[in-house]
Amino acid sequence: MDWAGWAVFGLAATAALTSVLIAAQLAGWTRLDLPLLLGTLVVEDPDHARAVGFLLHLGAGQVFALLYALGFAVLGHATWWLGALFGCLHGGVALTAIIPLFAGVHPRIGSLRAGLESRAVLEPPGLLALNYGYQTPLVAAIAHVLYGAVLGLLLEVG
Amino acid sequence: MNGTPPRIGDYALLGDTRSAALVSPDGDIDWWCLPRFDSSPVCGRLLGGPAAGHLSLGPAEPATLVDRGYLPGTPLLRTRWQSAGGRLTSTEGMVSELRGRLLPSTLLVRRIQADDHAVQVRWALTPRHGWTRDRLLRREHGQAIVFTGGPLALSVHPSRVLSTDRAEDGVVTLAPGQHLTVAISAVSGEPLVHVPPDRAWQLLLEDAARWRQWTSRIPSDLPFAAAAGRSALVLRLLTHSPTGAPVAAVTTSLPEVVGGERNWDYRYTWPRDASIGVAAFVGLGMTQEARMFLRWLLHASRLDRPRLPVLLTLDGRHAPPERRVEGWPGYRGSTPVRTGNGARRQHQLDGYGWVVDAAHVFDSGCAPIDGETWRAVAGFADFAAERWDQPDAGIWEERGEARHHTHSTLMAWLTVDRALRLARAHRASPRRVRRWESARDAIGLAVRDRAFDQASSSYTRTWGGHDLDAAVLMLPLIGIEPTDSPRLRSTIDAVQERLSAGGPLLYRYTPETDGLPGREGAFLPCSFWLVQALAVTGRADQAVDLMHQLLDLSPLGLFSEEVDPTTGDMLGNYPQALTHAALLQAVLALRDAGVSSS
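Each protein sequence line maps, in turn, to chains A and B. According to the working numbering, the first sequence is numbered sequentially starting from 51. According to the working numbering, the second sequence is numbered sequentially starting from 3.
Chain A extracted, bound-state conformation (with noise of 0.2 Å):
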């Protein structure tokens, strides 16, 4: 188990990924804002909540890299279209079931079931977050085939 590269290169592949879906919504592709929607669960303010979820984000990410180290492992090797291809499968999973689960334990975002008493105020994500913009399954899946592919490509085995 590579820990050393688990612990610097998780981070890298974390990075890389928030920085395609900050880069998605400064174009105006989509409203999906990982940063946020974790820091608002324990914050409001949208600015403060996206510091925090950043941390946040950053731990989720290294969790990950762990599994995605594991997979290699029982592999046998790390290759960057290896990782890519985890990355595909791990962008498909959290479209249709760790976001729509996780929003559906969040405090402040409105569950399809919210009535007068419901205090949320951030949008449900909806199927695969399409409330967030119809562009963002794409940019999704391109964001964690890229956190894979860095994974895949940095992380020794053996």
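If you are wondering where the hints come from, they were derived from the structure by calculation, not from laboratory data. Every residue gets a Cβ at the ideal spot worked out from N, C-alpha and C, and that includes glycine. Among the hints, a few may not be true.
To be verified - Computed spacing ranges between beta-carbons, pair by pair: (1) L91/A - G402/B: 46 to 52 Å; (2) A57/A - T134/B: 24 to 30 Å; (3) D306/B - A57/A: 38 to 44 Å; (4) P322/B - H98/A: 32 to 38 Å; (5) F152/A - G191/B: 17 to 23 Å; (6) L203/A - D136/B: 40 to 46 Å; (7) P178/B - L178/A: 38 to 44 Å; (8) L178/A - L67/B: 30 to 36 Å; (9) Q112/A - R423/B: 43 to 49 Å; (10) L120/A - Q145/B: 25 to 31 Å; (11) E328/B - H98/A: 22 to 28 Å; (12) D97/A - L67/B: 52 to 58 Å.
Given the coordinates of chain A, assemble chain B onto it according to the supplied hints.
Frame of chain A; chain B shown alone:
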């Protein structure tokens, strides 16, 4: 309903903040889109004729309506009929709060009771599959009848067996004091949850208590407090809780001219309406609701900034293109029935003013806006400062050539003025502030020089024109001129005189000047803006008198966009968020003018 649907204003609204139904005085649900406001209708008889589905529960014999209205502080509707057999009372509503409980996402409960003698009750269950009007698959589940089609499942669970022969309608007799309760559960894309009628009734009563608690937050010392409370409640019912988006109305294609083609889909959100809602809720001290609207505005506009779309879906997506629903006869023959909205691609400058003003009102009346909101506001102000002298479609969404609308120019002034006020407490570069100040001066000059007609002593509809526009009744609220300015007062007088539709009613502009066939009705928000303008300019007595006349138009306290000046009938989509927000603003202006609750 014998062929012709009731008058629009005779329909009552049932809602749960996710979807809404319209119920006729006879107890027929003739409009209900599921699972949410902008879905296709399960009950579409209002526009699609008998084949489009309805759910009925009412007197079987000819009956007269004794009284009908909402239980105080709640959205529960109570209707009493007197028939030859005896008196019937119906109480109905939808369960809004589902949190933490295994309940269907939609639960509508109806209870009808024979008060004194045995009375026959008519029922009908013909839900249909949206715009296709296809029948839904039907099966029995114990005493409940389950309808399914695509992702939608709907269960009708009565407290006694309605039919043993799979009939779609029939008659049951209720003994004196006996009631029939029907729980209608609906879900989309998830398993159906069956709710027994007695439990559904208890859930409805618990929900009513929550609504009473909610309405108790509305200041009781407001003038016209009952109407204000009902309007606040309607605005909340029209706010889609999952997203915070206020839907403009729960219907599509209710006509602005009966038999005409001015039939539009209003099941979307206009940032303008959301902004007026922010101001209304701030005025009522209901911070959370104002915050919901503002957050929705920010999220929804994010992809298009600094441009502000004219309208968006509840999810903040661009509205779909306009399309005609073929084969639907429309309300009293008013075709076409449309879905989508063609105004989505228009450029309307006034929207920026509403939104920035809402942020300013929130900042000064509730809490400081956060950095993200300020950046959005600054972007909108930059846009208005740069584009204020370009023609647009205007607040009335004219479909012809773009023009220089005075109201749009006024709202551009409002945009930069409110941004400048906010800049005192938020970070803005001196260069940017100077640019806004310079734009504000230039816009003010243009308005005074080009948009005022000396001959009629009034601000006009367009630069250099002579027509009037009731939207300029916003003038006293904007601050571009002092409220005792002769030009401002003469404009109010001119609008009141030349755009009068009789009594308290106003046309929004000179009729038959918009290029569309037919003569539309009087535009209700303009009448409430007139009340507001009169109150702000020191003519509160006149404003109070107008307010009384306006409120008399709807015994239920529900208002559409327009009114037929001849018959007093409501016209256009119903009930309308803009009208109810304008009503609330008028009440708040009267309060500020010193009019008391008595």
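The hints, checked one at a time:
1. L91/A - G402/B: 46 to 52 Å: At roughly 50 Å between Cβ atoms, G402/B and L91/A fall inside 46 to 52 Å, so the hint holds.
2. A57/A - T134/B: 24 to 30 Å: Violated: the Cβ-Cβ distance is about 58 Å, outside 24 to 30 Å.
3. D306/B - A57/A: 38 to 44 Å: For A57/A against D306/B, whose Cβ atoms are near 41 Å apart, the range 38 to 44 Å holds.
4. P322/B - H98/A: 32 to 38 Å: Since the Cβ atoms of P322/B and H98/A sit about 37 Å apart, the hinted range of 32 to 38 Å holds.
5. F152/A - G191/B: 17 to 23 Å: With a Cβ separation near 19 Å, F152/A and G191/B satisfy 17 to 23 Å, so the hint holds.
6. L203/A - D136/B: 40 to 46 Å: 54 Å Cβ-Cβ, so the 40 to 46 Å window is violated.
7. P178/B - L178/A: 38 to 44 Å: 56 Å, violated
8. L178/A - L67/B: 30 to 36 Å: Once the Cβ atoms are compared, 49 Å apart, the range 30 to 36 Å for L67/B and L178/A is violated.
9. Q112/A - R423/B: 43 to 49 Å: 45 Å, holds
10. L120/A - Q145/B: 25 to 31 Å: Hint violated: Cβ distance 54 Å, outside 25 to 31 Å.
11. E328/B - H98/A: 22 to 28 Å: Since E328/B and H98/A have Cβ atoms about 52 Å apart, the given range 22 to 28 Å is violated.
12. D97/A - L67/B: 52 to 58 Å: 56 Å, holds
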